[in-house]
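Trainee: Those protein sequences? They're chains F and E, same order as listed. Heads up: the first sequence begins at -2 in the numbering used here, then just goes up one per residue. Heads up: the second sequence begins at -2 in the numbering used here, then just goes up one per residue.
In case anyone wonders, no lab produced these hints; they're calculated from the structure. Keep in mind that the hints are not guaranteed to be accurate.
[Unchecked claim] Calculated from the model, a selection of chain F residues having no Cβ within reach of chain E, i.e. all distances over 10 Å:
no., residue
1, MET(-2)
2, GLN(-1)
3, HIS22
4, LEU62
5, ASP63
6, ALA68
7, GLY102
8, ALA105
9, ALA164
10, ALA201
11, ALA205
[As the list claims (entries may be wrong)] Derived Cβ-Cβ restraints for the label pairs, each shown as a range:
no., chain 1, residue 1, chain 2, residue 2, range
12, F, ALA280, E, SER168, 21 to 29 Å
13, F, GLY248, E, ALA237, 41 to 49 Å
14, F, GLY170, E, LEU282, 16 to 24 Å
15, E, SER168, F, ASP284, 22 to 30 Å
16, E, ASP277, F, VAL31, 40 to 48 Å
17, E, PRO265, F, VAL181, 23 to 31 Å
18, E, ASN276, F, GLY170, 22 to 30 Å
19, F, ASP284, E, ALA52, 39 to 47 Å
20, F, GLY170, E, LEU10, 33 to 41 Å
21, F, LEU62, E, SER168, 52 to 60 Å
22, E, GLY34, F, SER168, 49 to 57 Å
Beta carbons: idealized from backbone N, C-alpha and C, even for Gly.
2 protein chains.
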Amino acid sequence: MQIEAITIVGGGLIGASWAALFLAHGVQVTVQDVAEGFEARVTDEVRRAWPDLVALGTARGDLPLDRLCFASDTARACEDADFIQECGPDRLEVKREIISRIEAGARADTVIASSTSSLLASDIQQGAHNPERIVVAHPFNPPHLVPLVELVPGRQTEAEAMGAARAFYESIGREVVELKRDVVGHVANRLSSALFREAVHIVAEGIASAEDVDRAVMNGPGLRWALMGPYLTYHLGGGAGGFRHYMEHLGPTQAARWADLGEPELDPETINTLIEGVNDLVAGLGDVDPVARRDAGLIGLLELKRRIDSGDGQS
Amino acid sequence: MQIEAITIVGGGLIGASWAALFLAHGVQVTVQDVAEGFEARVTDEVRRAWPDLVALGTARGDLPLDRLCFASDTARACEDADFIQECGPDRLEVKREIISRIEAGARADTVIASSTSSLLASDIQQGAHNPERIVVAHPFNPPHLVPLVELVPGRQTEAEAMGAARAFYESIGREVVELKRDVVGHVANRLSSALFREAVHIVAEGIASAEDVDRAVMNGPGLRWALMGPYLTYHLGGGAGGFRHYMEHLGPTQAARWADLGEPELDPETINTLIEGVNDLVAGLGDVDPVARRDAGLIGLLELKRRIDSGDGQS
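If we strip away everything but chain F, and leave its shape as in the complex, we get (with noise of 0.2 Å):
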């Protein structure tokens, strides 16, 4: 089916960013809310993500500000949307009203996707009229410029609206990973949790500054998480035998170091700790705006990635 308007229910940063990135694909937006002056912060980061939009190429020409419609009831916003992106707040309690309030206007068919990071889809279905075609589509911040989406059934979702979301996600360039099932964290944000688990280790044993982990993961391992995930690494690491060789030779020291990886609690001891090593990071930083060079870098980065995947090398 051809989506020709979108609801989005939930007007916060992560909303506005799938604003822009559906108008630029030519979609009817609808963004529904009910804080007071969300349309102007709406409308002003879509304006902010644009050129962003225009420089990888995704938008074309100027904003259609015409195709971004703003609605403060929910069931009515619903009622003519071919896909709904559900961008409430992460208490299951209030998904489960955000969501009923959706059933009341949506079409029983339509595909709702929530972009939760916390709940599972099997949570969040529950007591719905239609959790069949209930789905988790989770993106990483900021959605407009990482391609990633996270789609995830709930025990209850049916494979056709499993397979309407990822075409739909697709057809705007997402690079989606689909989960044979839920789990907490789904799995970028399970991996950069244990990541994050062992940094905070390193940092509350006092082996090495929190500025000093952060450089690490951007100057070395993180330069080529970039480029490809672990398991590719790995197995370019077996050389000529692949990952079989890699796992037979370095398989041991894996496990060694997986045994002597830490265990920290988030007490307010650690907690303190890390603030204080973040607010060194931070005074290192001096006039760089980070979000700014992050965006900046992002958008390079993509570039560079859709350059070396098309065969033309460097230049």
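Following the hints, complete the assembly by docking chain E onto the known chain F.
Mentor: Only chain E this time, still in chain F's reference frame:
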């Protein structure tokens, strides 16, 4: 002290990559090894690395092959060295034997920096004549491209050796991360192992495929990790309230994820599952040469970061 001559002990891939980097900085390089034909292999690798170093602006002009020498006798090769980069096999008894041969020739105050990824500086330096000048200086593969050097003292290492090693690596454009003490896997490989452990859990439990885990990393958090580490990432995630706000609001979410992380075993069944997953991933690469893609990507990424960090924006 000005480093004018370096001896690299061990002419494998890491040694050859260090050689190319040192040559690019105008140093006289001697590579010692006893393997049949290592001179030709090192020369080939250095030739292969040179255009990348020129592209990065690290090297200028033609490869100065007249500054690259080879030797088979370790002690003699180290006599005139101002700095020694040890790149032998990562087995403790072999390492100690190599150190003893190096010390038989080297001046008593020449820094000996081991490239070891899995051994501890304290273990390597045990039994040495001058343990105070032995450090670990662990690069990331390939060292001539990836800027990170993890500098680690052993219990007997003196601050003077750490300072001299840091000054040298910084003079050749390396990003030095100094550990306060030696731990298994230093910093970057501990973080990589933490991420890999969860990646193994996700595939072993059938939550997502190896290919999809890799896609999640390189299209999601991995893009950011090329630009910043976990601490700055979460600091920005806290908005105006920064890292403190993040920890107050999302600390419990992190802790919940930590509690849910897997502790897989690398038993034969799991290893087979992983190998099958990586085989699918590799089949999906088609005609792409992943090593050439990685190196082109690394060069482009380092150029991009230099551009955004020098304030040139995206132009």
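Trainee: None of the hints should be skipped; say for each whether it holds.
Mentor: The hints, checked one at a time:
no.	hint	verdict
1	MET(-2)	holds, 25 Å
2	GLN(-1)	holds, 25 Å
3	HIS22	holds, 18 Å
4	LEU62	holds, 25 Å
5	ASP63	holds, 29 Å
6	ALA68	holds, 26 Å
7	GLY102	holds, 30 Å
8	ALA105	holds, 30 Å
9	ALA164	holds, 17 Å
10	ALA201	holds, 12 Å
11	ALA205	violated, 5 Å
12	ALA280/F - SER168/E: 21 to 29 Å	holds, 25 Å
13	GLY248/F - ALA237/E: 41 to 49 Å	holds, 45 Å
14	GLY170/F - LEU282/E: 16 to 24 Å	holds, 21 Å
15	SER168/E - ASP284/F: 22 to 30 Å	holds, 26 Å
16	ASP277/E - VAL31/F: 40 to 48 Å	holds, 47 Å
17	PRO265/E - VAL181/F: 23 to 31 Å	holds, 28 Å
18	ASN276/E - GLY170/F: 22 to 30 Å	holds, 28 Å
19	ASP284/F - ALA52/E: 39 to 47 Å	violated, 30 Å
20	GLY170/F - LEU10/E: 33 to 41 Å	holds, 37 Å
21	LEU62/F - SER168/E: 52 to 60 Å	holds, 54 Å
22	GLY34/E - SER168/F: 49 to 57 Å	holds, 54 Å
Hints 11, 19 from the list above are not met by this structure, while the remaining hints are.
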